[in-house]
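Based on the sequences and whatever the hints tell you, model everything.
So you can see what is in the structure, the chains are spelled out below.
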Amino acid sequence: MLTGLFIILLIIILIATIVYGKRLIKIEKIDAVFGNPERSKGGYHWIIAGSCSILLLWFYFSWDVARSFFPNSANELCQVAKVRDSLVSIKYVFPIEQKTLKSSDFIKRENRNIELLNNQIKQSSIANKDKDKLIFLLVETQSLIKILSDEKYLNPEIKNKVLGVANQIDSLSKNIQNKNYPEFDSLSSEEKIAIKKQGFWGETGAEVPFYPNTKFGLKFDAASKELNKIVEQFFLIKNNSEVFEKKSKELDSVIENYRDTLAESQEVETQFAREVSKIYGRVTRSNIFPANVLDPVEQSVVRFEEVQKKEQGSLKIIDTLLFPGGTVVASGQTCSEQGSGRWLPKPTDTLKEFLHLLDPNQGYKNVPLFWYEMMGINKVVDFILPDWIADLVPGKYPVHNNEGKVISNFKSNVLDIVTGNFELFSIPVPSGHIWDSFLRVFLGLTLGILCGVPLGLFMGLSRFAAGYFDPLIELYRPVPPLAWAPLIITVFGIDNSGKIFLLFIVSFAIMVISARAGASGTQLSKIHAAHSLGASHWQILKEVIFPNSLPEILTGIRVAIGVCWGTLVAAEFLAGTTGIGFVENVARKYMQYEVIWITIFVMGLLGLLFDIGMRKIINKTIPWRGKG
Amino acid sequence: MSDLVSENLNMVFTSPKGETVHAIQNLNFVLKKGELLTVLGPSGCGKTTLLNITAGFLRPTSGKITLGGKEINGPGLERGMVFQQGALFEWLTVADNVNFGLRMKKEDPKKIAEKVEEWLEIVGLQGFGNTPTYQLSGGMQQRIALARCLINDPDLILMDEPLGALDALTREKMQSLVLKIWKETGKTIVLITHSVEEALLLGQKLYVMAPRPGRLHKEYQLPFAKMGLSTDLRQIKNEKEFVKKREEILTMIWNMEEEIMGKDI
Chain A
1 MLTGLFIILL IIILIATIVY GKRLIKIEKI DAVFGNPERS KGGYHWIIAG
51 SCSILLLWFY FSWDVARSFF PNSANELCQV AKVRDSLVSI KYVFPIEQKT
101 LKSSDFIKRE NRNIELLNNQ IKQSSIANKD KDKLIFLLVE TQSLIKILSD
151 EKYLNPEIKN KVLGVANQID SLSKNIQNKN YPEFDSLSSE EKIAIKKQGF
201 WGETGAEVPF YPNTKFGLKF DAASKELNKI VEQFFLIKNN SEVFEKKSKE
251 LDSVIENYRD TLAESQEVET QFAREVSKIY GRVTRSNIFP ANVLDPVEQS
301 VVRFEEVQKK EQGSLKIIDT LLFPGGTVVA SGQTCSEQGS GRWLPKPTDT
351 LKEFLHLLDP NQGYKNVPLF WYEMMGINKV VDFILPDWIA DLVPGKYPVH
401 NNEGKVISNF KSNVLDIVTG NFELFSIPVP SGHIWDSFLR VFLGLTLGIL
451 CGVPLGLFMG LSRFAAGYFD PLIELYRPVP PLAWAPLIIT VFGIDNSGKI
501 FLLFIVSFAI MVISARAGAS GTQLSKIHAA HSLGASHWQI LKEVIFPNSL
551 PEILTGIRVA IGVCWGTLVA AEFLAGTTGI GFVENVARKY MQYEVIWITI
601 FVMGLLGLLF DIGMRKIINK TIPWRGKG
Chain B
1 MSDLVSENLN MVFTSPKGET VHAIQNLNFV LKKGELLTVL GPSGCGKTTL
51 LNITAGFLRP TSGKITLGGK EINGPGLERG MVFQQGALFE WLTVADNVNF
101 GLRMKKEDPK KIAEKVEEWL EIVGLQGFGN TPTYQLSGGM QQRIALARCL
151 INDPDLILMD EPLGALDALT REKMQSLVLK IWKETGKTIV LITHSVEEAL
201 LLGQKLYVMA PRPGRLHKEY QLPFAKMGLS TDLRQIKNEK EFVKKREEIL
251 TMIWNMEEEI MGKDI
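Just so you know, the sequences run in chain order A and B.
For the first sequence, position 356 (counting from the first letter as 1) is numbered 356 according to the numbering used here, and the numbering increases by one without interruption.
For the second sequence, position 203 (counting from the first letter as 1) is numbered 203 according to the numbering used here, and the numbering increases by one without interruption.
These are computed hints drawn from the structure, not numbers from a lab.
Please read all numbers here as calculations on a predicted model, not as lab measurements.
Check each hint, because a few of them may be wrong.
Capping the alpha-carbon separation at 25 Å, the derived lysine-lysine pairs in PhoX-like fashion look like this [to be verified]:
(1) LYS542(A) - LYS115(B)
(2) LYS91(A) - LYS22(A)
(3) LYS41(A) - LYS179(A)
(4) LYS542(A) - LYS240(B)
(5) LYS542(A) - LYS245(B)
(6) LYS111(B) - LYS542(A)
(7) LYS173(B) - LYS64(B)
(8) LYS620(A) - LYS41(A)
(9) LYS542(A) - LYS237(B)
(10) LYS226(B) - LYS173(B)
(11) LYS237(B) - LYS226(B)
(12) LYS173(B) - LYS106(B)
(13) LYS278(A) - LYS225(A)
(14) LYS247(A) - LYS278(A)
(15) LYS64(B) - LYS244(B)
Structure follows, in structure tokens:
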């Protein structure tokens, strides 16, 4: 219900923003000229309208609109699907959804087969005696089709049986129009228990509850059960007149006898005989009826379909309007969502799943999405301070004395500190999948910037550096980052170091190239000016060339963030046990569409945040860009 | 005395096609301390090359230029330069641009601030210290460039068409400013320009250079710069003597240009 309210709210906001925007266009005449760039500025209401549209489309195509406003519709459609499923086999016999009668189709096909085989036999080089025999057998087989198609030979009982089936279908048609249908108890005791156990649509793991939850559904469920029985009866009717039985038995033995007389060397004849035997088999099993004998059943089925569709009433409209890109009915007996509702998770479910993942005690694969953990300060100290500091302290590490004890001295105390061998207090540090991914990008990028920018500047200023490092950079830069992954995983392992190194080489090339472009793009007059103002080489580098290349460097960072982020997710797909790409990869294996979409959203949002952050930094640090 | 002396200066470039271009040929001149020299000539006559050699950005092929007896070998603080487009550092504020040279010398920040104030006042930009340079107009930017150069107290000021990109009104104001600064500081100034009027107005001495090879064509001693210190510049421009000189030089340059380009219809 909450979802329903939210959807209505979205629609209201969307309409309101559109109306507001329209009115604004009427009021504002200042920038009335088409092509004026001013016309693309502002327009925050359109941002809201766009967001609402996306959300509404999402709600609609994931069938969440249907679920929030008609929570029982899927279950009812499932019962309709059962009815449809029961009729599929019987409809297949008649030209209802097919173009032709199944029997006619069969006869047409087999007549052609017989003709083809006839020609082949005539043109073959076998003895005339065998030719005659085989053609005789073929003609006899074809005469079986004639017997089956002729009403003259029809067993009179069959017409009654057909009428009986038709009547049953007709009476069902009449019954389901009755308000109280089914008047009998159509549910078995097991089914009654199952109905109580099954939840609503989307509540349990199963996509659509299977057993009828509503009276409406019960009607279709009961009808489908009755139909199943009637259809069973229909397919028990066989066209086996006495003439046919006799003739086919005779022919069978003749064919078998002839096949027995054939010697092993008569390969061609054996082949032909086998073909004849196959056609004979198909004809005897075909259950062909004379053309109009089954008409009563066909008509009753058509009538039933009409009634059934009418009985669906508003559900039919809901099905067409609110189940875009597919329907539940198409799934038949399996009662699952078939269409966009299947792979596009509903916003409500996605939000629920997201909140579930955000819960630090749940997370994904025992790792929270984004949380913190307490880390001892000693570990931080150990990480920051190198161990060799202790070696620099004068003196020697203590040795054990006569009493078998080791008394610590200053040097060993220092060693304890730098190796983190002490306990003090803990500080919270971020952790989780998102943080891991972020940290990898951050470290890889930072390393790339720290190494790439100086080298790039150097290359932009020195002929030696430009030439000497050019082959290295230009050879590895065009290689797709992931092409490095197998090698890097082998060398560095699947842990953080490998991924950070991968991101490092990716960002390094970008930073070198952008810093180089920045440095070599410095105006000569500015450098001349700095020279004549008495700046040293280092000062020129620091005060003129570096600031002058900042725009290029920052643009490079912006590009590098995007590429790094993409590479990281792909790298996490390959290997690892944490990270947002890892989550998506595992979710893919278990077909957890909600989780897949959550990871996609998280990546999109983080990318957006990175970019907004970079844009803010760019506006703050280089407002002078392009204005020199 | 810190005179600027050019002795047999030669500068030969090799173009990418392999042709040799004689940008400057056997140039000899003496510029006394405190003189204001304007250099005029059609494009390609080696004006800018001469200035770049004087500033130390280029090494001459042969011959030398000395300032105060010392041969010029690389850029130095005693020769300040003002560029055509200002060549300001747009990432710095006005004050940081002006005090750039002092900061490079690592002078006392307090002293720097005082000097900046002083110079901003001289060029008429008081109170603009914290403004980013890119927000200023072309004329203001050129004033900053002037202040940035002068704050280092150079012996020689080199100006490479400093007023070329300004509109007529601003240009006239800046011409007065240049004259005022010349008078107040007594610096030696070399100013390159395309404008005959400007060369006549500002030049105490005027060299007209000829192209291919770049050489000194004619030398003038002019009274107008001295007059400009006390009289309105527009008035000077209307004086008979001024008009006569202007036409003379214009014809000279036109003839040179025609020699190179061929006569236009």
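- Mind listing which of the numbered hints don't hold for this structure, in increasing order? 2, 3, 4, 5, 7, 9, 12, 13 and 15
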